[in-house]
Amino acid sequence: MNEHEQLVEWLPLYVTGRLNAADRQAVEHHLATCADCRAEVALWRAVATEIVAADQALSAPPDLAARALARLPTRAHRPARLRQALALLQAQAPLLRRELWPATALVFVLGYCVARMAGATQFIQAFAPLVAAASFSIIYGPEHDAAAELTLATPTSPWQILLARLTLVFGYDLLLALAASFGLMPLLPPAGLGALILSWLGPMAFLSALALVLSLWIGTENAITLTYGAWLVRWLATATPTPLSPLVSLTSLAGFFRLYERFWETPLLLLALAGLLLALALWLAGRMERSLPRWV
Amino acid sequence: MGAVELEWNDRVMLTPGNHDVDLIRRVAAGDGEALNALYAAYGQRLYAYALRLTGDPATAEDVVQESLVAAWQGAPRFRGTGRVLTWLLGIVHHKALNALRGALPLPEAPDEEADLPAETPAPDEVTAQREQRQWLRVGLAQLSPEHRAVLELIFYQGLSLKEAAEVCGCPVGTIKSRLNYAKTHLRGILSREGFAVEVIG
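Chains as they are written, first to last, in my numbering: chain A, 909 to 1204; chain B, 163 to 363.
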């Protein structure tokens, strides 16, 4: 960029006196020799004079602040915390992507039907976490929030909003998965219901939390691919006891798969990890707000 | 034009940061008087900005009122990284563009253009200045709200390029290119009408 091009950018600020002394001197020095820039300063001065004159002729209505205050509930009358939390839940439900609710329910119904027809109760164990992970990857972030700009302009902090959405979506997924499990009771051995629920609850909590963190971090598509991959490998492991490639040593691969399967069958560990991931997601949501453009 | 420069300097000085941040803190704590004080300090500028963007006094009033409500609600989250003025203008900017999105298109500027004499018969200097200003007004009205916003922020509100970018929520480069576009447009109108801008400088 030559001197002229650089200085041209400064001319509006030269006119408004926002340049520092050194820059102003550079501009003045250049103006002495550059007729184009002198003409440009003249144009900006004319624009400035017009704008300032028009704006100074205005008078703002004196009572706008009073009118704004009249529209506000005073902070003293704020709803109690519980009512506020309920109001937040209620307010967030319509902001989530609308297709989320029927799509989730539909997949659960289909899964339930397949499990019934095949007489295979573990089917529900395989897909409940997948559905939950998918729904969690689309609950937060500008790409999913029709009202993202408003969300950022409200006094409710982003992590409260995220927590409200988590509660809604996880509650919904949980109810559907429980309903499907109860529906499968006739196929279960006596007292098998608890085991069935535990078998999907841990992975569901962990995978959803993982999907949420990944979606905040690297986007929804990647989050779904990675979590689905992680989960499907577990079933691959059960389905193919033979090694995928003759080059891979049989014992180490089988050992890894056994460990991997054990991981998914330890509900307490999974729930604890899910808790950690959720904390991370809430922290990320708080930080994300800072990196987003504020009003766009 | 030294007088104009002085005025900007005065207005830039007029914002002692700490006092403003105190006001925001009081607003955050629910002090209605503090909101009134904030409006007393900045109301004129906020209203002028809203009017420049929307072009309609009633809409501008609504926009400022909504912005004050948003400022009241958003005050607890004011981070104090920039000036209070920039923060408030950012809210007004957002609300004004929203209002424009929902509103019917404004009456077109060419109507105004039709009222002006098509031929200017050898005017004296004062008449020439007045007419140049009229054409500038026409030119400004023809610009998009985003372009008018940048001119307003730089020339009336006296912001730096960086602050203007903060208000508009766009990169500094966008502010520069909008200034450039506005310049070309206004210069085009004036030279088409036979004004040499040097005359007024």
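It should be emphasised that the hints constitute simulated quantities derived from the structure, not laboratory data. Keep in mind that a hint or two might mislead.
To be verified - Below, a sample of chain B positions facing chain A; criterion: calculated Cβ distance under 7 Å: (1) N198; (2) Q206; (3) A210; (4) Q227; (5) Y318; (6) G320; (7) Y343.
What the hints assert, rightly or not - Label-pair distances were calculated between CB atoms; the ranges are: (8) G1137(A) - E195(B): 57 to 63 Å; (9) N260(B) - A1087(A): 38 to 44 Å; (10) E355(B) - D944(A): 31 to 37 Å.
Claimed, not checked - Which bits of chain B does chain A cover? Going by a derived footprint, with three or more residues having C-beta under 8 Å, they are: (11) 211 to 225; (12) 291 to 299; (13) 303 to 316; (14) 348 to 357.
From the three backbone atoms N, C-alpha and C, an ideal C-beta is built for every residue, glycine too.
So, going through the hints one by one against the coordinates:
Because the closest C-beta pair between N198(B) and chain A is about 5 Å apart, less than 7 Å, the hint holds. Hint status for Q206(B): holds, given a least beta-carbon distance of 5 Å to chain A, under 7 Å. Taking 7 Å as the C-beta contact cut-off toward chain A, the hint placing A210(B) at the interface holds, the least distance being around 4 Å. A least Cβ separation of about 5 Å between Q227(B) and chain A falls short of the 7 Å threshold, and the interface hint therefore holds.
The interface hint given for Y318(B) holds, since its Cβ lies 5 Å from the closest Cβ of chain A, which is under the 7 Å cut-off. For G320(B), the shortest C-beta to C-beta distance to chain A is roughly 5 Å, which falls under 7 Å, so the interface hint holds. Against a cut-off of 7 Å between C-beta atoms, the interface hint on Y343(B) is violated, since the closest Cβ of chain A lies about 13 Å away. The hint said 57 to 63 Å for the Cβ distance between G1137(A) and E195(B), and at roughly 58 Å that hint holds.
Checked against the given bound of 38 to 44 Å, the beta carbons of N260(B) and A1087(A), roughly 42 Å apart, stay inside it. At about 20 Å, the beta-carbon gap between E355(B) and D944(A) misses the expected band of 31 to 37 Å. Using a Cβ-Cβ cut-off of 8 Å, 3 residues of the segment 211 to 225 of chain B lie near chain A, which meets the minimum of three, so the contact claim holds. Counting residues of the segment 291 to 299 of chain B whose beta-carbon sits less than 8 Å from any beta-carbon of chain A gives 4, enough to reach three: the coverage restraint holds.
Residues of the segment 303 to 316 of chain B with a Cβ under 8 Å from some Cβ of chain A number 3, which satisfies the need for three, so the listed coverage holds. Chain A is given as covering the segment 348 to 357 of chain B, and this holds because 3 residues of the stretch bring a CB closer than 8 Å to a CB of that chain, at least three being needed.
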